[in-house]
Amino acid sequence: MSVRIDGVVLPLAPFALEVTAELSARATAITGPSGAGKTSLLEVIAGLRKPTRGAVAIHERVVFDREQRIDVPARARRVGYVPQDDALFPHLSVRRNILYSGATMSIEDVVAVLEIEPLLERGVKHLSGGERKRVALARALLSRPEVLLLDEPLAGVDPDLRRRVLDYLVRVRDEFPIPIVYVTHDDEEAAHICDEALLLERGRVVRRVSL
Amino acid sequence: MTSEIIFLTLRTAAVATLVIVPPGLAVAWLLARRSWRGKSLVETLVALPLVMPPVATGLILLQLFGRRGPIGGWLHSLGIDVVFTTKAVILAMAVMSFPLLVRAARVAFEEVNPRLEQIARTLGASDTRVFVTITLPLAARGIVSGMLLAFARALGEFGATILVAGNIPGETSTLSLSIYNLVQLGRDDEAFQLLAVSVVIAFGAVWLAEMTLRKTAAKP
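Chains as they are written, first to last, in this note's numbering: chain F, 1 to 211; chain U, 1 to 220.
Hints listed in this document are in silico derivations from the structure and should not be mistaken for laboratory results. Only a predicted model underlies this, so the values are computations on that prediction, with no experimental measurement involved. Don't be surprised by glycine CBs; every beta carbon is placed ideally from N, CA and C. It cannot be assumed that every hint is accurate.
Ranges of calculated distance between the beta carbons of each label pair, as one might list FRET restraints [what the hints assert, rightly or not]:
#1 U:Val51 x F:Arg95: 43 to 51 Å
#2 F:Pro118 x U:Val206: 42 to 50 Å
#3 U:Glu210 x F:Glu175: 45 to 53 Å
#4 F:Glu175 x U:Asp127: 29 to 37 Å
Far from chain U, some chain F residues (derived; all Cβ distances over 10 Å) [said to hold, decoys possible]:
#5 Ala25
#6 Arg95
#7 Glu108
#8 Gly130
#9 Tyr168
#10 Asp186
#11 Asp195
Reference excerpt, derived from the structure (chain F facing chain U, CB under 10 Å, subset only) [said to hold, decoys possible]:
#12 Glu43
#13 Arg77
#14 Arg78
#15 Pro83
#16 Asp86
#17 Tyr100
#18 Ser101
#19 Ala103
#20 Ala136
#21 Arg139
#22 Pro145
All chains should be built: construct the whole structure from the sequences, respecting the hints.
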């Protein structure tokens, strides 16, 4: 089981995120309308938001437990979080961005799968939308995460490019044995990448479907 | 004589600016990134030298740092005297410039997208590493611009300096104090020379500060 969320409560305006779920598929989609709490759920897993109740475990390692006062800081949770806006470091080159985690592993595999070799020496300001997504994915993968958290990776990507980025995502899923939690509001996209989907509405899981 | 005054002024203003950088950045960061009890009090205290009469600030410093003052007495017991020395010039300049640096640095820190800092943390970076590798470089232009403004403010410091440091040639007579002195003595020609120098230096510092900020604004 990759991520277990147990009775997590996080107040959001105008409702609260209240989730209990096991994300055990190779890739699990979190779908639902805008403002349902999808991003907040990723942030809870990543350690960027503190729930008022509940517990979170990644591969059986408890990273948050309100009652037992366990709160592993974000830097030690080993999650590869790719936010919607990429959040590439604008003052660093592509190479220094993807090496930021200080990973000692070889970057070749990741660079090859995502085809970013020609971009390595560029500044991130000169990248296109699709290139930015691939660099952000590479940076997350090279931190050797135990789970990949992808927040709407296709948002803001040119319609012509969506297909290509989607293909890269499938390659990442197939080449690296890292479970993926994939936030999207697009059912088709979810079906393409994920084995399972949780539908989130107003902070609650209202349906769980196999894809 | 003139070059001595210019050098003393540049040196004291530069030292004052450098001295306030570490505490200034710390306060600015705390104001920009943390919420805590007493924050508004600290904000007000920091802004105070901007709005108080400089002479009043000088009087407070004189009370605190005089030999019988709470800080000055303690320093005197260590063999350090501040009042009416070059150190007092630096002290007055530092206190008067501090708000300008803090304001500029605070805005610069606030403009750094917190998302970038969060992502750096998920990539395993400690708070210190996040600050040094992400926050500081991205805020650098704003901070440098604030330092230049603080430096320019220090160059022109008069009211607080004259109270806490006096007007001792070669030791505490900075450009502004010397101009005042020369006008009092009716030596207007010399005063105008120093005035011209002040204008050039101040113009240069403020212009550099503006240029630094403009480059930030022009970035996509």
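How the hints compare with the structure:
1. U:Val51 x F:Arg95: 43 to 51 Å: Hint holds: Cβ distance 49 Å, inside 43 to 51 Å.
2. F:Pro118 x U:Val206: 42 to 50 Å: Taking Cβ atoms as reference, proline 118 (chain F) and valine 206 (chain U) lie about 44 Å apart, which means the hint holds.
3. U:Glu210 x F:Glu175: 45 to 53 Å: holds (51 Å)
4. F:Glu175 x U:Asp127: 29 to 37 Å: holds (33 Å)
5. Ala25: holds (22 Å)
6. Arg95: The assertion about arginine 95 (chain F) holds, with a minimum of 15 Å to chain U.
7. Glu108: Answer for glutamate 108 (chain F): holds, closest chain U Cβ roughly 19 Å.
8. Gly130: Non-interface label on glycine 130 (chain F) holds, nearest chain U Cβ at 18 Å vs cutoff 10 Å.
9. Tyr168: It holds; tyrosine 168 (chain F) is separated from chain U by about 19 Å at its closest Cβ, greater than 10 Å.
10. Asp186: holds (23 Å)
11. Asp195: holds (24 Å)
12. Glu43: holds (8 Å)
13. Arg77: Where the cut-off is 10 Å and the nearest Cβ of chain U is about 7 Å from arginine 77 (chain F), the hint holds.
14. Arg78: Because about 8 Å separates arginine 78 (chain F) from the closest Cβ in chain U, which is inside the 10 Å limit, the hint holds.
15. Pro83: holds (6 Å)
16. Asp86: holds (9 Å)
17. Tyr100: At 5 Å from the nearest chain U Cβ, tyrosine 100 (chain F) passes the 10 Å test, so the hint holds.
18. Ser101: Interface hint status for serine 101 (chain F): holds (4 Å vs cutoff 10 Å).
19. Ala103: Constraint on alanine 103 (chain F) satisfied, holds at 9 Å.
20. Ala136: Since chain U brings a Cβ to about 9 Å from alanine 136 (chain F), closer than 10 Å, the hint holds.
21. Arg139: holds (7 Å)
22. Pro145: Cβ of proline 145 (chain F) sits 8 Å from chain U, so the hint holds.
Hint violations for this structure: none, all hints satisfied.
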